[in-house]
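From first to last, the protein sequence lines stand for chains A and B.
Position 628 of the first sequence, counting from 1, maps to 628 under our numbering, and the rest follow consecutively.
Position 251 of the second sequence, counting from 1, maps to 251 under our numbering, and the rest follow consecutively.
Please note that a few of the clues may not be correct.
Which stretches of chain B does chain A cover? Using the computed rule of at least three CB atoms under 8 Å from a CB of chain A, they are [claimed, not checked]:
1) 12-18
2) 92-100
Once the Cα atoms are required to be at most 25 Å apart in a straight line, the calculated SDA-like pairs of lysine to any residue come out as [what the hints assert, rightly or not]:
3) A:LYS628 <-> A:GLN413
4) A:LYS471 <-> A:GLU625
5) B:LYS246 <-> B:LYS261
6) B:LYS246 <-> A:ARG716
7) A:LYS662 <-> B:ILE57
8) A:LYS599 <-> B:CYS59
9) B:LYS125 <-> A:ASP96
10) B:LYS125 <-> A:GLU709
11) A:LYS662 <-> B:CYS56
12) A:LYS715 <-> B:ARG219
13) A:LYS567 <-> B:ASN230
14) B:LYS125 <-> A:GLU394
15) B:LYS61 <-> A:THR575
16) A:LYS364 <-> A:ASP5
17) A:LYS567 <-> B:LYS61
18) B:LYS125 <-> A:LEU731
19) A:LYS691 <-> B:LYS125
20) A:LYS573 <-> B:CYS56
21) B:LYS125 <-> A:SER730
22) A:LYS573 <-> B:LYS300
23) A:LYS132 <-> A:PHE118
24) A:LYS582 <-> B:GLY87
25) A:LYS597 <-> B:GLY87
26) B:LYS88 <-> A:GLU593
27) A:LYS573 <-> B:GLY87
28) A:LYS599 <-> B:THR55
29) A:LYS599 <-> B:LYS261
30) B:LYS300 <-> A:VAL745
31) B:LYS286 <-> A:ASP710
Pulled from the structure, derived: some chain A residues nowhere near chain B, Cβ distances all over 12 Å [claimed, not checked]:
32) GLN12
33) ASN54
34) VAL58
35) GLU111
36) PRO135
37) SER192
38) LYS210
39) THR303
40) LYS477
These are calculated hints, taken from the structure and not from any lab test.
Note that the structure is predicted; figures quoted are calculated from it, not measured.
No residue lacks a Cβ here, since even glycine has one placed at the ideal position from N, Cα and C.
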Amino acid sequence: MSVSDRVEMIRQNYINSKPAISYERARIWTESHKRTEGEPVAIRRAKAFYDTCNELDVKIFEGELVVGAIGEFRKCGILTPEFSWTWVDREMDTFDTRPQDPYIMTEKQREFVRKEIFPYWKGKSLEEHFLKQLPEESRDIVIDTGIVDNDSKWRQAVGETTPDYQDVLFVKGFGGIIKEAEDYISELDGASIEDINKRDFYNSVIITSKGIIRFANRYSEKAKAMADLEKDEKRKAELLKISEICAKVPENPPETFYEAIQFMWFTQLGGIMSENPLALNPGRFDQYMYPYYKSDIDNGIITKDGAQELIDCLWLKFSEWVWTISSNTADFFAGYNQFQNLTVGGRTREGFDATNDISYMALKATDEVKSHQPGLSVKIHSDCPEEFMDAVTELVSKGTGFPAIHNDQAGYQMLLNAGYEPEDARDWSNCGCVVPHFRKTGEWTAAVNLNFGSAIEYALNEGKSLLTGKKLGLDQKSPAEFKSYGAVKEAFLSQLANLVKHSVVATLTAQRLHMEMVPRPFLSSCNEYCMKNGKDLSMGGAKYNVGPVITGIGLAVSANSLAAIKKLVFEEKVTDMRTLRKALINNWEGYEELREKAKNAPKYGNNDDYVDSIATEIANFYYKEVHKYKDIFGSHFNPAFMGISNYLPAGKVCGATPCGRKAKEPLSEGVSPFVGTDMSTPLAAMRSAAKVNQDVYSGGTLLNLRLNEDLVNTKRGRSNLGSMIRSFFSLGAFHVQFNTVSNEVLLDAQKHPENYKDLLVRVAGYSTQFVNLSKSMQDAIIARNAHKSY
Amino acid sequence: MELKGKVMQIQNFSVNDGDGIRSTVFLAGCPLKCMWCANPEGMTPENKIAWQQKTCIGCGKCAEVCPQNIGINLNLPESREKCTGCGKCTEVCPNGSRKNMVTVMTSDEIISELKPYFGFFRQSKGGVTFSGGDPLLQKDFLFETASKLYDSGINIALETELYLEFESVRHILELFDTVFVDIKLMDCERHLYYTGVGNERILENIKKLGWLDKDVIIRIPVIEGVNADNKNIVNTAEFVNKYMPKAKIELLEYHRYGESKYEALGIKCPPKSFCTPKRDRIFELKRLIEKTGVETIEYK
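With the rest of the complex left out, here is chain A:
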């Protein structure tokens, strides 16, 4: 590994500095809104965006080649009070000290935002509207409970989109987009409500496009001014180059690799300034960057090392912006993760292998800089070159948890099932963690997290929480009256269906508000069909409007629990429902022997059909139940079993479960087994996971496995791993990701965090610095069963 001194310097800063909050964007945004009262909301947001581009401090940090910052600090998070501010007001005094994802914020800053920013938004934020509009009966289940959680959709922006570099941005530049919007406006008649809406939309796009161009031009001026003062000739030349590039892009299409990289970062910054989103995905980086790389190499404009250095710099830029989130959200999305998912590999739209030099360089960049962003995903298809699989398993063996490995064919199938045209489906890239996605889409890929464990408790405890006794589920007869396993299962499924219903209500309430309150002109301009349709993303302007995704948490726990009841109560009759309920209420205390039996009942993750068939049955039911609802655009809701770190907070609100799990312990993630219960082999865990019909869960599925590092520290071991992945995918599975660091290393890192600042581990669908995780999250990762052979 040999990164340049420049990259190493930036990297050191990245791993050693704590992120700081900048209120600049919020200040400018607020001032702007005070001036635009009464104007159409899209125009107001566009003007606020322009003003931010025009006023935000222009910062070029030491040694940077790729420039553009979201605030005055190098590692920086921003505030978006138009979405929510009450939680910031409540929580910012402990931003410094909270266990998960702390930020630096000074007393002076806090004073300023309390005096100058928050008062304006009182009663105006998305959060406050949502809380007023959510129906009474859903409140106790939806608001900060861990049962049905969608707070990232009313405290935050949506994100979950991929700018279209291939067909829009690199072809037209924002200058071209302005021209196009003007042409569309000139064709409007203006005497219909549709035309009035379109006019507002196109005007909002013109304003944001001018904004991002202005922002880049200010960087150009700044770089020029810095060059004039720079003594070091080499740096002076670099600054002049930066100045030249920022004068050109993103107004105009890029012509070189360097320009394309800088264009991309400005686009990313535009997205961040506009809404501070999660999952603002760079998409198929190797596909749209390669032509520029190839042409530069052929023309002697760049060397391979030079291009690699730019990619490394971009990776660090991705990582320097941190997502500002509530402590509740931070439990679900731990590790300063912004989910900027970057995908390489896979097939071309025509179906040929698509890997190229950039695919390999992306893997190399993650290996070299070990940054937690971008979320690096690879797509593996059946004709994927061995060399690429070798590069993938090589990176797995480094223990960074990257890349997330996806089955190209399964992703394709998931999108076909969601109604995509075959070429578009083949062209999929990842969104967030493990969601198959396409750049001409509007969707909410992480709309809701739904706790399956809660459905288990309501089924077994007369609709009440085991921990609080509060009735949150449907009416339910006493478990002593369940005369068959079938009756228990039906009770669970009906409770689950009820939680799905609350999820849908919460999502529709939020969707309507997003439409009314927070249109997204900048990101809409990066989406081809929004321009064609003259309609904002939030209004359904995209080519594909895919239904919101409801992620199930705890599939393994619920399958294991039903299996334990089936076996112990109704087959072996070693206990009865009344006793089991008492054991659960008492968190197994005084029922140790019964707990042993429960723990020894069949467990999902061991290729045991007894329990795997229950998991599949639950999953199939969940699919049908979620899919029957339609969203605000008439699209079906989609189910997923993906990850994030949601299985921890979801577990905290759940009492003991019949599988032998104790109260408040984590649930299980995605389609992964419950920790420590996949005692057989990773192959058996893979087979269990593949029994779930993954290709219908268009919201993505996730399998996390721990592999002992011994298994992958030789070439032969890595080849076997490659074969294992291909075999898993041939069973129809969608995703797998590995942690290969040994527990000894992780335990040592807990003791001596100072020595492990760059140790990346896989959380769930993404990787982040181990030392940036709270103790409970770290423990959960250590508890994952490491598979080894002997």
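On the provided structure of chain A, position chain B as indicated by the hints.
Same frame as chain A, now just chain B:
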């Protein structure tokens, strides 16, 4: 009549017993009694009951059902004397602290456990390895099971001691893609002392193995204090070079991971004087072997 085999374990996802991803089927019974044996439950073919004291919660269910009236502590010498391995206690133990170490299975039962992994074998150029004990002690059963895998096109490997009449198993050896044979010691007397049998027959059979066109791997379990001296290793390599020039030698570092099994079976662990060789020592020995012209191999 359907053949039945005595099976210690089917270990899926084995990656150190041959090429690719494999499953290893351990068959019980062995003609040797090596003092360092890592699988003591397989020294004889009959079932033994393991008792894990560490996980036992002392509920006494095992004692209630035992036809021999053995108490919870199965590892008292008199308890072990009485135990017939009927396995009744394993059925009632709530958490698997009592376990059968040898189970009776048909070849179809074995194959159905292996089938879910055929895809992994094919993709990784792996397969199934038969180990033990010595699988050739159950030769008819082995032949039946291995033939079924052979017919399915699955790569099969055999680990054997070759302490038997060669012609009686030749047809079985023919089936396998790879044969692993141990040469534990070149000195016949010491071989007798440590394993209970002399090595003449084994060495003669290894020579015959050369008649078959198989990949042959000669394995040496390297144990400091027993056979890790230069002389033994070089003698072994020279023997291989002379009679089996195409065979490769694999050095297996002795380990004490089998000790928990000794404890669970209530038998005395191998002497502490048996030591794991250092990694550097293994490299040295490999160099010595390669000097004689024999290739070494490692499945790591």
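Hint by hint, here is what the structure shows:
no.: 1; hint: 12-18; result: holds (count 5)
no.: 2; hint: 92-100; result: holds (count 3)
no.: 3; hint: A:LYS628 <-> A:GLN413; result: 20 Å, holds
no.: 4; hint: A:LYS471 <-> A:GLU625; result: 23 Å, holds
no.: 5; hint: B:LYS246 <-> B:LYS261; result: 36 Å, violated
no.: 6; hint: B:LYS246 <-> A:ARG716; result: 22 Å, holds
no.: 7; hint: A:LYS662 <-> B:ILE57; result: 18 Å, holds
no.: 8; hint: A:LYS599 <-> B:CYS59; result: 16 Å, holds
no.: 9; hint: B:LYS125 <-> A:ASP96; result: 54 Å, violated
no.: 10; hint: B:LYS125 <-> A:GLU709; result: 22 Å, holds
no.: 11; hint: A:LYS662 <-> B:CYS56; result: 20 Å, holds
no.: 12; hint: A:LYS715 <-> B:ARG219; result: 22 Å, holds
no.: 13; hint: A:LYS567 <-> B:ASN230; result: 58 Å, violated
no.: 14; hint: B:LYS125 <-> A:GLU394; result: 20 Å, holds
no.: 15; hint: B:LYS61 <-> A:THR575; result: 15 Å, holds
no.: 16; hint: A:LYS364 <-> A:ASP5; result: 16 Å, holds
no.: 17; hint: A:LYS567 <-> B:LYS61; result: 19 Å, holds
no.: 18; hint: B:LYS125 <-> A:LEU731; result: 17 Å, holds
no.: 19; hint: A:LYS691 <-> B:LYS125; result: 24 Å, holds
no.: 20; hint: A:LYS573 <-> B:CYS56; result: 22 Å, holds
no.: 21; hint: B:LYS125 <-> A:SER730; result: 15 Å, holds
no.: 22; hint: A:LYS573 <-> B:LYS300; result: 47 Å, violated
no.: 23; hint: A:LYS132 <-> A:PHE118; result: 18 Å, holds
no.: 24; hint: A:LYS582 <-> B:GLY87; result: 32 Å, violated
no.: 25; hint: A:LYS597 <-> B:GLY87; result: 18 Å, holds
no.: 26; hint: B:LYS88 <-> A:GLU593; result: 19 Å, holds
no.: 27; hint: A:LYS573 <-> B:GLY87; result: 21 Å, holds
no.: 28; hint: A:LYS599 <-> B:THR55; result: 13 Å, holds
no.: 29; hint: A:LYS599 <-> B:LYS261; result: 23 Å, holds
no.: 30; hint: B:LYS300 <-> A:VAL745; result: 21 Å, holds
no.: 31; hint: B:LYS286 <-> A:ASP710; result: 21 Å, holds
no.: 32; hint: GLN12; result: 34 Å, holds
no.: 33; hint: ASN54; result: 57 Å, holds
no.: 34; hint: VAL58; result: 53 Å, holds
no.: 35; hint: GLU111; result: 59 Å, holds
no.: 36; hint: PRO135; result: 47 Å, holds
no.: 37; hint: SER192; result: 59 Å, holds
no.: 38; hint: LYS210; result: 54 Å, holds
no.: 39; hint: THR303; result: 38 Å, holds
no.: 40; hint: LYS477; result: 29 Å, holds
Consistency with the previously given hints fails for numbers 5, 9, 13, 22 and 24, ordered from lowest to highest.
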